[in-house]
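*Asks:* Given next are the chains, with one letter for each unit.
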Amino acid sequence: MPVLLAPEQAPTLHELLRDANTAGLDSQIIQAPNMPEPRIRGLGSLLYAGPSEISFLSNPKLSDQLADCKAAAVILTPQAYQSLFEEATPLRRDAAPSTETIQPTAATSTAKAAPLSFHVVLCSRPYLMYALLAQWFDRHRLDSLATGIHHTAVVADDAELAEGVSVGPHCVIESGARIGAGSRLGPACIVGAGSVLGRDCLLHARVTLYHGVKVGDRAILHSGVVLGADGFGFAPDPRQSTGAWAKISQLGGVAVGDDVEIGANTTVDRGALEDTLVGNGVKLDNQIMLAHNVKIGDHTAIAACVGVAGSTVIGQRCTIAGAAMISGHLVLGDDVHVSGGTAITSNVGAPGRYTGVYPYAEHTQWQRNAAVVSQLSQLRRRLRALERSED
Amino acid sequence: MPVLLAPEQAPTLHELLRDANTAGLDSQIIQAPNMPEPRIRGLGSLLYAGPSEISFLSNPKLSDQLADCKAAAVILTPQAYQSLFEEATPLRRDAAPSTETIQPTAATSTAKAAPLSFHVVLCSRPYLMYALLAQWFDRHRLDSLATGIHHTAVVADDAELAEGVSVGPHCVIESGARIGAGSRLGPACIVGAGSVLGRDCLLHARVTLYHGVKVGDRAILHSGVVLGADGFGFAPDPRQSTGAWAKISQLGGVAVGDDVEIGANTTVDRGALEDTLVGNGVKLDNQIMLAHNVKIGDHTAIAACVGVAGSTVIGQRCTIAGAAMISGHLVLGDDVHVSGGTAITSNVGAPGRYTGVYPYAEHTQWQRNAAVVSQLSQLRRRLRALERSED
Amino acid sequence: MPVLLAPEQAPTLHELLRDANTAGLDSQIIQAPNMPEPRIRGLGSLLYAGPSEISFLSNPKLSDQLADCKAAAVILTPQAYQSLFEEATPLRRDAAPSTETIQPTAATSTAKAAPLSFHVVLCSRPYLMYALLAQWFDRHRLDSLATGIHHTAVVADDAELAEGVSVGPHCVIESGARIGAGSRLGPACIVGAGSVLGRDCLLHARVTLYHGVKVGDRAILHSGVVLGADGFGFAPDPRQSTGAWAKISQLGGVAVGDDVEIGANTTVDRGALEDTLVGNGVKLDNQIMLAHNVKIGDHTAIAACVGVAGSTVIGQRCTIAGAAMISGHLVLGDDVHVSGGTAITSNVGAPGRYTGVYPYAEHTQWQRNAAVVSQLSQLRRRLRALERSED
Numbered sequence: 046m047p048v049l050l051a052p053e054q055a056p057t058l059h060e061l062l063r064d065a066n067t068a069g070l071d072s073q074i075i076q077a078p079n080m081p082e083p084r085i086r087g088l089g090s091l092l093y094a095g096p097s098e099i100s101f102l103s104n105p106k107l108s109d110q111l112a113d114c115k116a117a118a119v120i121l122t123p124q125a126y127q128s129l130f131e132e133a134t135p136l137r138r139d140a141a142p143s144t145e146t147i148q149p150t151a152a153t154s155t156a157k158a159a160p161l162s163f164h165v166v167l168c169s170r171p172y173l174m175y176a177l178l179a180q181w182f183d184r185h186r187l188d189s190l191a192t193g194i195h196h197t198a199v200v201a202d203d204a205e206l207a208e209g210v211s212v213g214p215h216c217v218i219e220s221g222a223r224i225g226a227g228s229r230l231g232p233a234c235i236v237g238a239g240s241v242l243g244r245d246c247l248l249h250a251r252v253t254l255y256h257g258v259k260v261g262d263r264a265i266l267h268s269g270v271v272l273g274a275d276g277f278g279f280a281p282d283p284r285q286s287t288g289a290w291a292k293i294s295q296l297g298g299v300a301v302g303d304d305v306e307i308g309a310n311t312t313v314d315r316g317a318l319e320d321t322l323v324g325n326g327v328k329l330d331n332q333i334m335l336a337h338n339v340k341i342g343d344h345t346a347i348a349a350c351v352g353v354a355g356s357t358v359i360g361q362r363c364t365i366a367g368a369a370m371i372s373g374h375l376v377l378g379d380d381v382h383v384s385g386g387t388a389i390t391s392n393v394g395a396p397g398r399y400t401g402v403y404p405y406a407e408h409t410q411w412q413r414n415a416a417v418v419s420q421l422s423q424l425r426r427r428l429r430a431l432e433r434s435e436d
Numbered sequence: 046m047p048v049l050l051a052p053e054q055a056p057t058l059h060e061l062l063r064d065a066n067t068a069g070l071d072s073q074i075i076q077a078p079n080m081p082e083p084r085i086r087g088l089g090s091l092l093y094a095g096p097s098e099i100s101f102l103s104n105p106k107l108s109d110q111l112a113d114c115k116a117a118a119v120i121l122t123p124q125a126y127q128s129l130f131e132e133a134t135p136l137r138r139d140a141a142p143s144t145e146t147i148q149p150t151a152a153t154s155t156a157k158a159a160p161l162s163f164h165v166v167l168c169s170r171p172y173l174m175y176a177l178l179a180q181w182f183d184r185h186r187l188d189s190l191a192t193g194i195h196h197t198a199v200v201a202d203d204a205e206l207a208e209g210v211s212v213g214p215h216c217v218i219e220s221g222a223r224i225g226a227g228s229r230l231g232p233a234c235i236v237g238a239g240s241v242l243g244r245d246c247l248l249h250a251r252v253t254l255y256h257g258v259k260v261g262d263r264a265i266l267h268s269g270v271v272l273g274a275d276g277f278g279f280a281p282d283p284r285q286s287t288g289a290w291a292k293i294s295q296l297g298g299v300a301v302g303d304d305v306e307i308g309a310n311t312t313v314d315r316g317a318l319e320d321t322l323v324g325n326g327v328k329l330d331n332q333i334m335l336a337h338n339v340k341i342g343d344h345t346a347i348a349a350c351v352g353v354a355g356s357t358v359i360g361q362r363c364t365i366a367g368a369a370m371i372s373g374h375l376v377l378g379d380d381v382h383v384s385g386g387t388a389i390t391s392n393v394g395a396p397g398r399y400t401g402v403y404p405y406a407e408h409t410q411w412q413r414n415a416a417v418v419s420q421l422s423q424l425r426r427r428l429r430a431l432e433r434s435e436d
Numbered sequence: 046m047p048v049l050l051a052p053e054q055a056p057t058l059h060e061l062l063r064d065a066n067t068a069g070l071d072s073q074i075i076q077a078p079n080m081p082e083p084r085i086r087g088l089g090s091l092l093y094a095g096p097s098e099i100s101f102l103s104n105p106k107l108s109d110q111l112a113d114c115k116a117a118a119v120i121l122t123p124q125a126y127q128s129l130f131e132e133a134t135p136l137r138r139d140a141a142p143s144t145e146t147i148q149p150t151a152a153t154s155t156a157k158a159a160p161l162s163f164h165v166v167l168c169s170r171p172y173l174m175y176a177l178l179a180q181w182f183d184r185h186r187l188d189s190l191a192t193g194i195h196h197t198a199v200v201a202d203d204a205e206l207a208e209g210v211s212v213g214p215h216c217v218i219e220s221g222a223r224i225g226a227g228s229r230l231g232p233a234c235i236v237g238a239g240s241v242l243g244r245d246c247l248l249h250a251r252v253t254l255y256h257g258v259k260v261g262d263r264a265i266l267h268s269g270v271v272l273g274a275d276g277f278g279f280a281p282d283p284r285q286s287t288g289a290w291a292k293i294s295q296l297g298g299v300a301v302g303d304d305v306e307i308g309a310n311t312t313v314d315r316g317a318l319e320d321t322l323v324g325n326g327v328k329l330d331n332q333i334m335l336a337h338n339v340k341i342g343d344h345t346a347i348a349a350c351v352g353v354a355g356s357t358v359i360g361q362r363c364t365i366a367g368a369a370m371i372s373g374h375l376v377l378g379d380d381v382h383v384s385g386g387t388a389i390t391s392n393v394g395a396p397g398r399y400t401g402v403y404p405y406a407e408h409t410q411w412q413r414n415a416a417v418v419s420q421l422s423q424l425r426r427r428l429r430a431l432e433r434s435e436d
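Residue numbers (the numbering used here), protein chains in the order written: chain A, 46 to 436; chain B, 46 to 436; chain C, 46 to 436.
Heads up, some of the hints might be wrong.
Copies of the same chain look alike in the list, so a pair counts if it fits in one copy or across any two.
Claimed, not checked - Okay, derived cross-link-like pairs now, BS3-like style, lysine-lysine, Cα gap no bigger than 27 Å in a straight line:
#: 1; residue 1: Lys259; residue 2: Lys106
#: 2; residue 1: Lys340; residue 2: Lys106
#: 3; residue 1: Lys259; residue 2: Lys340
Simulated from the structure, these hints should not be mistaken for lab results. This one's a predicted model, so the numbers in the text were calculated from it and none came from an experiment.
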């Protein structure tokens, strides 16, 4: 369960919206009758939010859950709010439904009290408002953490730490590394020689940047992330016994844009000669592997357990679902969407969704059908033969 | 090769069984003729166990290996023991086969000497007895390790460490964390703010618990495990250039039951609002990814490289074999068994085994058949056409 | 972009070849007219190498890139060099083509100046020469790093560190561990009790060796590698509620040969009773999982995201491409090549290439064809019926 703010730290509903709504979304508070303005200690789902928490409804299919919602306040679209009074939803109403028309405004204001057991925040984008509130609560937690350079951290004399940088216990900042203002490093992070981290980055515990890695502003890097390990490059080595490999030392780096998030235990290898590139706004989930010289376009999102082999270029605004595998030396254009578990083995030019998953079945049924997969070419031949004999 | 106990530390066969057989399994020692009771320094397979080690036969197909077994003692079922004297197995016998009937008893006792070159431990469950002995040897190794709080560990003033807790070098225990009695943390473990670890847990080197993670009693967590990294949650952000994502900060936690083991580099993300749940007795292998809000039922075992996408619920006593991939927002019932490499893309209600793997073949043969996969729908149409023309 | 050597550290072209060409490859320098011998500060691709860098041409298809190459020197085969003067490649020539016949010799020597804007290094194996140069530059970088035992490292009194061993900040070397001469450990590495590391190994930051792990000479281990975590072994435990598992403690170790490289976040589990084995010259990419008792033959190379289940034996000189999955208890012979994303589910005896990948397609097209996969057995029956009715 989410940790709640202590009551004395909790903002009022107005204060919360004022501080958290950094996007200037339209919002209007409709107070529940006879209820004082609540202090909001946390954020919860409709089912589980408690009486000190705020919740939201973004998926209309869940509107039934409003009936038993115990939240102090709920974010609703004006449409969802109005439909509450039109449908037979068994809300815990304290009075007859109001018929006034709600006009959301860009500024947060207080309208007449609604006949509900919770306060309502009208907003045309409840899901984005929820995202902003969640960010606010997490920022609040972060701001309460210790700052400064922990005395067990090992920071090279010639490393440059800008103003307000926090370095946790047992971190190692190597020679020539630079860290931008306001960045926070959790415990046991390592920033290799000459690597550069931008402003306002958040490195959770145990992130590893090798030497020669550049990360832009506002990055969020999770535990176990490794940026800049050697790409997998070997040449057959005729000097040694048959089959031996000579290492191709990887001299490139890794360059990561601004506003990138990288999930736990994801690895991005350094390039062979040039940099491996991760564009602005890219979101990488856990346990992803980007091989050397891969390039990921801006705002592309990749789910967990995906592997992208060497030198492949993926365009902008793509989504790659979990456990997809992309072969090396390919080009995927912008706005390409790859389904989970799909192996992409050739270039993909046109935007669209691409899939290649063997359908699962009960085991013996799968066995029966899979046996035929190995005869498909023969089956087609037999079909052709029949067709010819028809003619 | 397994490390052997020093001779002076090694228990006699009787002592070993007395101390290791914590499950009270039936067992009876049948001494080899003219051999003193051995001290058992380690545990080995039938092929490789040396003369100071104990071995076991659980798979009857391996009984031929008894002939050359050099172990000091071997655990056998009464049936396997008797069949030794019925078959023509060329055992290194020192005398004619005994014909006495062996009556295993619940207590360990010594029967008449057997005409074999190794001592026999009769037990109706040799594999489970082996497991217990292996646990004993590993516990013995653990008990020899240093305990206490290493002076390089960084432990917050308000963290609560119960009696007998061991904290290795370079660990970090953050504010408000609580660790139950008898738990051991290897080097460089991190327990985030407010996280709770139960009693008698074993954290190998370099385990990371974020803030707000709860782990039950007797957990075994391996190196590189990350519990509580952010789930992969983003909302389209209309404020920014097309395609940008707004982070949905993940406010839930991770709750892990009792008797759970989690393998190296496995990651379990924190929930968006509620906790990600791992039930009692769950066993997770290496490099598994459990996304936010996943729920794993009691005693389910998941092999390596499996990914489970967000909000999926898996029942009790399931087994998910290696590299299977489970899509998000699904429900898998109890006693569902998923084959390796299988992608589960819809709910699975009925117990049973489910498979979906493309059969491999020699490459050119695969190419020929795979070319037809992309025409299957057309093939079926052509077949229908032929069938109609038959009528 | 690769970090360049400072001008005063940069070797001349002759010095570089003399020092880097440890394989004694044939090489001959052909100086560009009117250009002094350059100092080489780095290595770059034909497209991006700058005027202080050396480049190479190994793939004849890229020879067009020579025209605009700004490198100080380029490694070429004699054939490629000659063809420059035969083809109409628009090179930046300063004079008419030379017609002299180039006779490469085993020793580096200087021939007559070539009429090109870059110096030429003639070599019959440009790719291997490039590998050697890249190794030289990386070794140069490594040699500039601090050595010795960092004061924050925790080294057991009875650990044995041979001459010239470097141990980075926050490392932990446990009791009885032994590290061979010239090995370097980056920050936060852990070498468990009694583990043995050979000579001249390079452990990047945050490598974990459990107890009882042996690694040979010249290993390169990347961040997040975990050698020796417990194999995934459990026996049904009838003592507890239905479905509970009894742990089989893993008493074997891991034994890694000489000249092995292991990529970031790869895990190799310890054996149940005997060791898990990784042969000499084996190359493992990132995020690979080798389960307990796996054996990998010499010079086999495995790409990222591959899983090999327990007790499987893979031969020598195999290549396993990315995201392939090998089931347990199998034997793959020597010189077997497995394609990416392929699941190997039975023994593979004959050398060759093996593939099993579901072909991807545009999503709706995939849907149409995949629907037939579940009817293949029935389809074959219908085809047979038609064939019989033909007769």
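*Asks:* Indicate, hint by hint, whether the structure satisfies it.
*Replies:* Status of the hints after comparison with the structure:
1. Proximity of Lys259 to Lys106 under the C-alpha cut-off of 27 Å is found in neither arrangement, the shortest distances being 44 Å within a copy and 32 Å between copies.
2. When the C-alpha separation of Lys340 and Lys106 is checked against a cutoff of 27 Å, the pair qualifies only between copies, where the shortest distance is 22 Å, while the shortest distance within a copy is 39 Å.
3. In this assembly of identical chains, the alpha carbons of Lys259 and Lys340 lie at most 27 Å apart only when taken from the same copy (14 Å versus 37 Å across copies).
Violated hint: 1 only; the structure is consistent with all others.
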